[in-house]
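Could you use the hints to bring the two separately framed chains together as a complex?
Keeping their order, the protein sequence lines are chains A and B. For the first sequence, counting from 1, position 89 maps to 89 in my numbering; every step adds exactly one. Start counting at 1 in the second sequence, then tack on 118, and there's your number in my numbering.
Misleading hints may appear alongside valid ones.
What the hints assert, rightly or not - Computed cross-link-like contacts, SDA-like style, restricted to lysine to any residue with a CA-CA straight-line distance of at most 20 Å:
{"hint": "1", "chain 1": "B", "residue 1": "Lys307", "chain 2": "A", "residue 2": "Ser44"}
{"hint": "2", "chain 1": "B", "residue 1": "Lys307", "chain 2": "B", "residue 2": "Asp331"}
{"hint": "3", "chain 1": "B", "residue 1": "Lys304", "chain 2": "A", "residue 2": "Pro86"}
{"hint": "4", "chain 1": "B", "residue 1": "Lys356", "chain 2": "B", "residue 2": "Tyr328"}
{"hint": "5", "chain 1": "A", "residue 1": "Lys36", "chain 2": "B", "residue 2": "Glu314"}
{"hint": "6", "chain 1": "A", "residue 1": "Lys36", "chain 2": "B", "residue 2": "Lys304"}
{"hint": "7", "chain 1": "B", "residue 1": "Lys307", "chain 2": "B", "residue 2": "Leu336"}
{"hint": "8", "chain 1": "B", "residue 1": "Lys375", "chain 2": "B", "residue 2": "Asp266"}
{"hint": "9", "chain 1": "B", "residue 1": "Lys304", "chain 2": "B", "residue 2": "Pro346"}
{"hint": "10", "chain 1": "B", "residue 1": "Lys304", "chain 2": "A", "residue 2": "Ile83"}
{"hint": "11", "chain 1": "B", "residue 1": "Lys304", "chain 2": "B", "residue 2": "Glu330"}
{"hint": "12", "chain 1": "B", "residue 1": "Lys291", "chain 2": "B", "residue 2": "Phe361"}
{"hint": "13", "chain 1": "B", "residue 1": "Lys335", "chain 2": "A", "residue 2": "Phe88"}
{"hint": "14", "chain 1": "B", "residue 1": "Lys291", "chain 2": "B", "residue 2": "Ala180"}
{"hint": "15", "chain 1": "A", "residue 1": "Lys36", "chain 2": "B", "residue 2": "Asp303"}
{"hint": "16", "chain 1": "B", "residue 1": "Lys307", "chain 2": "A", "residue 2": "Arg26"}
{"hint": "17", "chain 1": "B", "residue 1": "Lys304", "chain 2": "B", "residue 2": "Asp290"}
{"hint": "18", "chain 1": "B", "residue 1": "Lys335", "chain 2": "A", "residue 2": "Pro86"}
{"hint": "19", "chain 1": "B", "residue 1": "Lys373", "chain 2": "B", "residue 2": "His207"}
{"hint": "20", "chain 1": "B", "residue 1": "Lys304", "chain 2": "A", "residue 2": "Lys33"}
{"hint": "21", "chain 1": "B", "residue 1": "Lys291", "chain 2": "B", "residue 2": "Arg369"}
{"hint": "22", "chain 1": "B", "residue 1": "Lys307", "chain 2": "A", "residue 2": "Cys77"}
{"hint": "23", "chain 1": "B", "residue 1": "Lys307", "chain 2": "A", "residue 2": "Leu100"}
{"hint": "24", "chain 1": "B", "residue 1": "Lys291", "chain 2": "A", "residue 2": "Leu100"}
{"hint": "25", "chain 1": "A", "residue 1": "Lys33", "chain 2": "B", "residue 2": "Val161"}
{"hint": "26", "chain 1": "B", "residue 1": "Lys258", "chain 2": "B", "residue 2": "Asp181"}
{"hint": "27", "chain 1": "A", "residue 1": "Lys36", "chain 2": "A", "residue 2": "Gln85"}
{"hint": "28", "chain 1": "B", "residue 1": "Lys291", "chain 2": "B", "residue 2": "Asp366"}
{"hint": "29", "chain 1": "B", "residue 1": "Lys373", "chain 2": "B", "residue 2": "Arg213"}
{"hint": "30", "chain 1": "A", "residue 1": "Lys36", "chain 2": "B", "residue 2": "Gln343"}
If you are wondering where the hints come from, they were derived from the structure by calculation, not from laboratory data. The structure displayed is predicted, hence computed values, not measured ones.
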Amino acid sequence: MHEMGVAMQIIEIAQASIPADMAGARVARVNLKVGKLSAIVADSLRFCFEVVARETPLEGAELHIEEVPVQARCNACRHEWTIDQPAFACTACESGDITLLSGRELDIESLELAEEDA
Amino acid sequence: MLLDGINRIKALHHKDGHDHHHPHAGDAPVETRASGTREIKVVRRVLDANEIMAKANRQLFADQKIFVLNLMSSPGSGKTTTLEKTLRHLMQDFRCAVIVGDICTTQDADRLAASGAPVVQINTDEFGGDCHLAAHVIEKALSGLDLDDLDILIVENIGNLVCPAEFDIGEDKRAVILSVTEGEDKPLKYPLMFRECDAALLNKIDLLPYLEDFDVKLAADNIRQIHPGMPVFETSAKTEEGFGPWLDWLRSSAKEKLG
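Bound conformation, chain B alone (with noise of 0.2 Å):
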């Protein structure tokens, strides 16, 4: 694993086996139940482990000066053809690449790299099949890209609005993709992810003409009630259409960061 944590814990124990409350002086408590168990004190974050790997990874994007954005969504929601297009405009004046997760294939990835920016693929299938990227597969895929000749780096992770928000990649920013398809109801739904990222898009706005039930201002007061003041982006990756404020966004986020 990626750190022993042994020295990490505070761990204790005493060979008594008295049904008492008996914490040592300047240790922590260890308490034997009456049941004859003896409990030991371990208070760790179980996703420990990434998270001192994102913070790996930050450190790196830091020294390296390179801006990376964290692209998530439910499957189906547009992410793949919004950046090709949104790479299409980026790399007029950055240097980009992408870094995409599928659980199987590599038809993201083709697609992407018609684009011209570097792309590595990452199947989690050799990571069990895994619902999220975590930290340490971005690591890895690092060794994959010239980090010296590189402005923004972009993760398109795997298509699912519950996992992948728990699990800091190291990220600077984070942005979730809704598409008029799914429902108004689903930032509400998953709370976690609209309350994790950055920006949301609301995407597929092309369809609305063909959905009679879908209310786009619902679906943004779902958003903010989730994220008060967060910015939402009605886009149509398929006509750019909205595309001007998402973009500005993203430019502007990158130029803090880049100088």
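If we strip away everything but chain A, and leave its shape as in the complex, we get (with noise of 0.2 Å):
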């Protein structure tokens, strides 16, 4: 539901991360690692960030969303594995005394600047 108020951080981040001396390019994708467990639609952040896009050097740039999986590691017998259903004691011995390793990214990767002298 707050996938506009993310839309315009990203265009925000994405704007001051292009170099000076690139000003006025245009980007033509920003890659984005959304983890399994955040609580963002994919299609809905595209939406808006089409949307807040708009007559910024973002225009039409493709939102590139790399899903990561949600990853574990027990913290009483070191077993890690892949949490793919809402359940997080370790499968290996049950403790429910766990770090996430992953899962919970909302983060950019890079951009992708269109070469306006290509």
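In structure tokens:
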């Protein structure tokens, strides 16, 4: 539900990331990593991004979303596994004392700028 | 915006347009892609700005010795009633205040003000009708409170089991309320919320005699399946049944911080 706010942050961070001597360059693609546990609906985010990107260097840019699986490590037996169901106990020893190694990401990895002189 | 990210960004580029990898020594790599685009590494959390603000709030609460609870739930689960009754007990021992978020209306704030605790109402309408309270909204609301005269601050978040879980506001503890009319499956459907909280209330247990199908044990098991070991308090905000363990948890959590 807060995809609009997230889209606005993406535009802001992306714009600030365009190097000064490439000001005016058009962004062709934004590469985003989204953990499966994060409260983001990819389609909704793409829609918001398209709207918010208008009249910015990101207008028309593709929002590429890489989904990151939820990886966990058991603090009791050190077992590591991928959580793909809503159950957060160790699949080896059933301990509930676990650390999530990934799955909460909402990160901008990189931008791809269109070469103006290409 | 809250931060100027430019100096935190490992953004690099080079001007040759050849189609190859060409990392600079000591710098982040820039890749010129086959499609004639140039890749600039950014590597930043989208919610960075919120996390920085939340950290500042947390520092302020530490300096002022204020215990902060972030109370979350879906709409209509009994957050405001729970809070009204909770305040009545806590205010015997602690100086309390409330920040209450609502997309519109001041109804909740009016009800809570009757407790005698200072109440700051946030209508997220002003902030774009948001579905959660973000750290900067809390920071803004704090100007309406006397922080020198405060032990416990309770933030009643926007009714929503999804978004508030994603936004740190600088709180010490998070609690989620699930009411028995919502169904036992909700923890499994909203895992992030139940994962992120420190305690859960299973509220409206006074209605259990009318809900043949609701299985209290299954609901609690589902919560613990998402968050093993999390305390689950079975409560009725209406009758205050089961309030003892919830208040004990809250008091001991607060005392841990306040000393």
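Status of the hints after comparison with the structure:
no., hint, in the structure
1, B:Lys307 - A:Ser44, "holds (19 Å)"
2, B:Lys307 - B:Asp331, "holds (19 Å)"
3, B:Lys304 - A:Pro86, "holds (11 Å)"
4, B:Lys356 - B:Tyr328, "holds (15 Å)"
5, A:Lys36 - B:Glu314, "holds (15 Å)"
6, A:Lys36 - B:Lys304, "holds (17 Å)"
7, B:Lys307 - B:Leu336, "holds (14 Å)"
8, B:Lys375 - B:Asp266, "holds (16 Å)"
9, B:Lys304 - B:Pro346, "holds (16 Å)"
10, B:Lys304 - A:Ile83, "holds (18 Å)"
11, B:Lys304 - B:Glu330, "holds (18 Å)"
12, B:Lys291 - B:Phe361, "holds (18 Å)"
13, B:Lys335 - A:Phe88, "holds (18 Å)"
14, B:Lys291 - B:Ala180, "holds (13 Å)"
15, A:Lys36 - B:Asp303, "holds (19 Å)"
16, B:Lys307 - A:Arg26, "violated (40 Å)"
17, B:Lys304 - B:Asp290, "violated (24 Å)"
18, B:Lys335 - A:Pro86, "holds (17 Å)"
19, B:Lys373 - B:His207, "holds (15 Å)"
20, B:Lys304 - A:Lys33, "violated (26 Å)"
21, B:Lys291 - B:Arg369, "holds (12 Å)"
22, B:Lys307 - A:Cys77, "violated (28 Å)"
23, B:Lys307 - A:Leu100, "holds (18 Å)"
24, B:Lys291 - A:Leu100, "holds (19 Å)"
25, A:Lys33 - B:Val161, "holds (10 Å)"
26, B:Lys258 - B:Asp181, "holds (18 Å)"
27, A:Lys36 - A:Gln85, "holds (11 Å)"
28, B:Lys291 - B:Asp366, "holds (14 Å)"
29, B:Lys373 - B:Arg213, "holds (13 Å)"
30, A:Lys36 - B:Gln343, "holds (17 Å)"
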